[in-house]
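Asker: Given chain A, work out where chain B with the ligand should sit, using these hints.
If you want the building blocks of each chain, they are given just below.
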Amino acid sequence: MNNETERCGRKMTKIINEKTVLSTPFTEEDIRSLHTGDVIYITGDIATGRDDVHIRVVKEGMELPVDIHGKALMHAGPIVRSTEENGFEVVAIGPTTSMRMEKLEYDFIKEAGVRLIIGKGGMGEHTAEACREFGAVHCVLPAGNAVVTALCTEEITGVEWLDLGMPEALWSIRVKDLGPLIVTIDTSGKNLFEEKKLKIADQKEKQIEEICKRFESVLLQ
Amino acid sequence: MTLNEQVEKMTDIMASFIGYTAIHLPDDVVSKLRELRDAEDDPAAKSIYDMMFENMRLASELGRPSCQDTGLVQFRIDCGSRFPLLEQLQAILVTAVRQATEKTPLRPNAVETFDEINTGDNIGTGAPSISWNIIPAWNGCAISTYLAGGGCSLPGHAAVLMPGEGYEGVVRFVLDRIAEYGQNACPPLLVGVGIANSVDTAAQLSKKALFRSVGSRNPNEKAAKMEQLLEDGINAIGVGPQGMGGKFSVLGVHIENAVRHTATLGVGVSFSCWTHRRGDIVFDKDLSFTTSTHPGFTYEQ
Ligand code: SF4
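Top to bottom, those sequences are chains A and B.
Following the numbering used here from start to finish, the first sequence increments by one per residue and tops out at 221.
Following the numbering used here from start to finish, the second sequence increments by one per residue and tops out at 301.
Excised from the complex, chain A in its bound form:
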């Protein structure tokens, strides 16, 4: 392993310890050069936003109180505790089910200018459309790994809309080498989860048939 930082073709992309690390703000070029299946890490500023943040921005037309143009949005509701210095500290953080935000994500990406969405599970056609049109990607961070992920956070730089409760609030967080992020929707609109889902649906029919066939003989015993 080498610790040296090596510039590669993209503007804000570095290879550190064999990891591809992108820093915020991401350029459109950075993001458009990513493809589904790529594994990346990010360093810089992210904001958390899930159901209620999306509802406020898209449905209620409220202005996003922080500027996340060119940055990352994480579908996440962290556990946060207050520190003695009147600040906050991330105890545990990880992605939540992205699909819940699917209906509002096109407008959110358009409105907020965010370039990288982090979540868990897949997203659908609205998000893929926005990724194509505005140059954004959706990535999956393996979920349930809240301590590994919390150790990638450096500082909570702000919180807005805390009236929504701890999980739904808009937390601004500085992260270092947050990942692994697996690109699941790229800027061509290619959607890894949808592809996988089709294979699963196909397999499902075969397996239903197989299980029922074998169970029939059990019932006859």
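A hint or two may mislead.
Stated by the list, open to error - Distance condition first, Cα-Cα at most 27 Å in a straight line; then the derived DSS-like pairs of lysine-lysine:
no., chain 1, residue 1, chain 2, residue 2
1, B, Lys46, A, Lys196
2, A, Lys14, B, Lys46
3, A, Lys213, B, Lys285
4, A, Lys206, B, Lys285
5, B, Lys247, A, Lys190
6, A, Lys213, A, Lys196
7, B, Lys46, A, Lys176
8, A, Lys206, B, Lys46
9, B, Lys247, A, Lys206
10, B, Lys46, A, Lys197
11, A, Lys199, B, Lys46
12, B, Lys208, B, Lys225
13, A, Lys103, A, Lys213
14, B, Lys208, B, Lys222
15, B, Lys9, B, Lys285
16, A, Lys213, A, Lys197
17, A, Lys196, A, Lys103
18, A, Lys14, A, Lys197
19, A, Lys190, A, Lys19
20, A, Lys196, A, Lys19
21, B, Lys222, B, Lys247
22, A, Lys213, B, Lys222
23, B, Lys46, A, Lys19
24, A, Lys103, A, Lys176
25, B, Lys103, B, Lys222
26, A, Lys199, B, Lys247
27, A, Lys103, A, Lys199
28, B, Lys247, A, Lys213
29, B, Lys103, B, Lys9
30, A, Lys196, B, Lys247
31, B, Lys222, A, Lys206
32, A, Lys59, A, Lys14
33, B, Lys46, A, Lys190
34, A, Lys206, A, Lys196
35, A, Lys197, B, Lys247
36, B, Lys225, B, Lys247
Calculated from the structure, these hints are not laboratory results.
This structure is a prediction, so every number in the text was calculated from the model and none was measured.
Answerer: Structure of chain B with the ligand alone, referenced to chain A:
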């Protein structure tokens, strides 16, 4: 010990235990995950398992909840009719959840419906949820805890089928849910299936099934066979860890069954994620306890 002291002690033990289960997965789940990791061939899936084990290690080392969604707390209780704190138990568990929320800390997830306000302490109308069973003439109390995360509660479903749809209808009901939502619920999943007469009984049994130890089998031979067939079939679908593909989709499939009405076939399915935070603790009348799921748990006053 006075009654008050006893109440305080049991509250304290339960608060610590709930916090402990948010940090440490039960032994049966850890060994199942190890088994799946070791048998996995897909390198990407293997590296996701590795990350899970790294997370478990760090969670234990730093004493932090292994997943940020510490869920809503659910209890199943088998309480002896002669357990000295039977009357106080409900209040003990409510206070224990509040304490665990503050001390661990757990994420406040309880939102009062219609008021749409997060209560801030995981307590609210019907929360924590407690399912009671009174055991006549016993002086002990067995409590099972479960932290029900949002992501894996989401795909839960129940319906009443026509008896003519038969076991094929049940199989389709379960596999449809997995194919549609399984990828997003943090697989490998533990799948609980309830088969009974109506939606409520089937749904309750499906959740009860999640409280069984991973890999245990239904005492009815045919039901046990169905568990195995479902397990093999769902694994063959290849959901894999995080839904990105792999040899395994489930930690296991547990079926709990009861009678059905001659004209109905109720079926329910509940899911739990790989971070399956279940705990079993058994008290005797003097509040000495044993924990089969978490032998490492100790309590100091
Ligand atoms: S489904 Fe389970 S592991 Fe995944 S985020 Fe929710 S609680 Fe955590």
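Asker: Decide, hint by hint, whether the structure agrees.
Answerer: Evaluation of the provided hints:
1. Annotation: proposed proximity of Lys46 of chain B to Lys196 of chain A holds, straight-line Cα distance about 18 Å (limit 27 Å).
2. Using a Cα cut-off of 27 Å, the hinted pair Lys14 of chain A and Lys46 of chain B holds, with the two alpha carbons roughly 26 Å apart.
3. In summary, the hint linking Lys213 of chain A to Lys285 of chain B is not supported, as the alpha carbons are separated by about 51 Å, beyond the 27 Å threshold.
4. For the hint pairing Lys206 of chain A with Lys285 of chain B, the CA-to-CA distance comes to about 53 Å; that exceeds 27 Å, so the pair is violated.
5. A distance of roughly 24 Å separates the Cα atoms of Lys247 of chain B and Lys190 of chain A; the hinted pair therefore holds under the 27 Å criterion.
6. With a C-alpha separation of about 26 Å, the suggested pair Lys213 of chain A and Lys196 of chain A falls inside the 27 Å cut-off, and the hint holds.
7. Restraint check for Lys46 of chain B and Lys176 of chain A: the C-alpha separation of about 24 Å stays at or below 27 Å, so the hint holds.
8. At roughly 26 Å between alpha-carbon atoms, Lys206 of chain A and Lys46 of chain B fall within 27 Å of each other, so this suggested pair holds.
9. At roughly 16 Å between alpha-carbon atoms, Lys247 of chain B and Lys206 of chain A fall within 27 Å of each other, so this suggested pair holds.
10. Distance check on the hinted pair: Lys46 of chain B and Lys197 of chain A sit about 20 Å apart at the alpha-carbon level, within 27 Å; holds.
11. Taking the CA atoms of Lys199 of chain A and Lys46 of chain B, the gap is about 20 Å. The hint holds against a cut of 27 Å.
12. As the CA atoms of Lys208 of chain B and Lys225 of chain B are separated by approximately 19 Å, the hinted pair is consistent with the 27 Å bound.
13. With a C-alpha separation of about 39 Å, the suggested pairing of Lys103 of chain A with Lys213 of chain A is violated against the 27 Å cut-off.
14. Annotation: proposed proximity of Lys208 of chain B to Lys222 of chain B holds, straight-line Cα distance about 19 Å (limit 27 Å).
15. With a C-alpha separation of about 13 Å, the suggested pairing of Lys9 of chain B with Lys285 of chain B holds against the 27 Å cut-off.
16. In summary, the hint linking Lys213 of chain A to Lys197 of chain A is supported, as the alpha carbons are separated by about 24 Å, within the 27 Å threshold.
17. For the hint pairing Lys196 of chain A with Lys103 of chain A, the CA-to-CA distance comes to about 21 Å; that is within 27 Å, so the pair holds.
18. Only pairs whose Cα atoms come within 27 Å are accepted, and Lys14 of chain A paired with Lys197 of chain A is rejected, the gap being roughly 33 Å.
19. Note on Lys190 of chain A and Lys19 of chain A: the hinted pairing holds, with a Cα-Cα distance of about 23 Å set against a maximum of 27 Å.
20. Only pairs whose Cα atoms come within 27 Å are accepted, and Lys196 of chain A paired with Lys19 of chain A is accepted, the gap being roughly 25 Å.
21. For the given pair, Lys222 of chain B sits about 25 Å from Lys247 of chain B by alpha-carbon distance, which is consistent with the 27 Å threshold.
22. Only pairs whose Cα atoms come within 27 Å are accepted, and Lys213 of chain A paired with Lys222 of chain B is accepted, the gap being roughly 14 Å.
23. Taking the CA atoms of Lys46 of chain B and Lys19 of chain A, the gap is near 18 Å; set against the 27 Å cutoff, the hint holds.
24. For the hint linking Lys103 of chain A to Lys176 of chain A, the alpha-carbon distance of about 30 Å lies beyond 27 Å, and the restraint is violated.
25. For the proposed pair Lys103 of chain B and Lys222 of chain B, the alpha carbon gap of about 45 Å is over 27 Å, so the pair is violated.
26. Distance restraint check for Lys199 of chain A and Lys247 of chain B: the Cα-Cα separation of roughly 14 Å lies within the 27 Å cut-off, and the hinted pair is therefore satisfied.
27. In summary, the hint linking Lys103 of chain A to Lys199 of chain A is supported, as the alpha carbons are separated by about 24 Å, within the 27 Å threshold.
28. Proximity of Lys247 of chain B to Lys213 of chain A is assessed by CA-CA distance (about 22 Å); at most 27 Å being required, the pair is judged to hold.
29. A C-alpha spacing of about 16 Å is found between Lys103 of chain B and Lys9 of chain B, which places the hinted pair at or below 27 Å, so the restraint holds.
30. For the hint pairing Lys196 of chain A with Lys247 of chain B, the CA-to-CA distance comes to about 14 Å; that is within 27 Å, so the pair holds.
31. Among the hinted pairs, Lys222 of chain B with Lys206 of chain A is consistent with the structure: their alpha-carbon atoms are about 22 Å apart, no more than 27 Å.
32. Restraint check for Lys59 of chain A and Lys14 of chain A: not satisfied, since their Cα atoms lie roughly 38 Å apart, outside the 27 Å limit.
33. The straight-line distance between the Cα atoms of Lys46 of chain B and Lys190 of chain A is roughly 24 Å, inside the 27 Å bound, and the hint therefore holds.
34. A hinted pair counts as satisfied when its Cα atoms are at most 27 Å apart, and Lys206 of chain A with Lys196 of chain A qualifies at roughly 16 Å.
35. Annotation: proposed proximity of Lys197 of chain A to Lys247 of chain B holds, straight-line Cα distance about 15 Å (limit 27 Å).
36. Of the pairs offered as hints, the one joining Lys225 of chain B and Lys247 of chain B holds, with about 21 Å between alpha carbons and a cut-off of 27 Å not exceeded.
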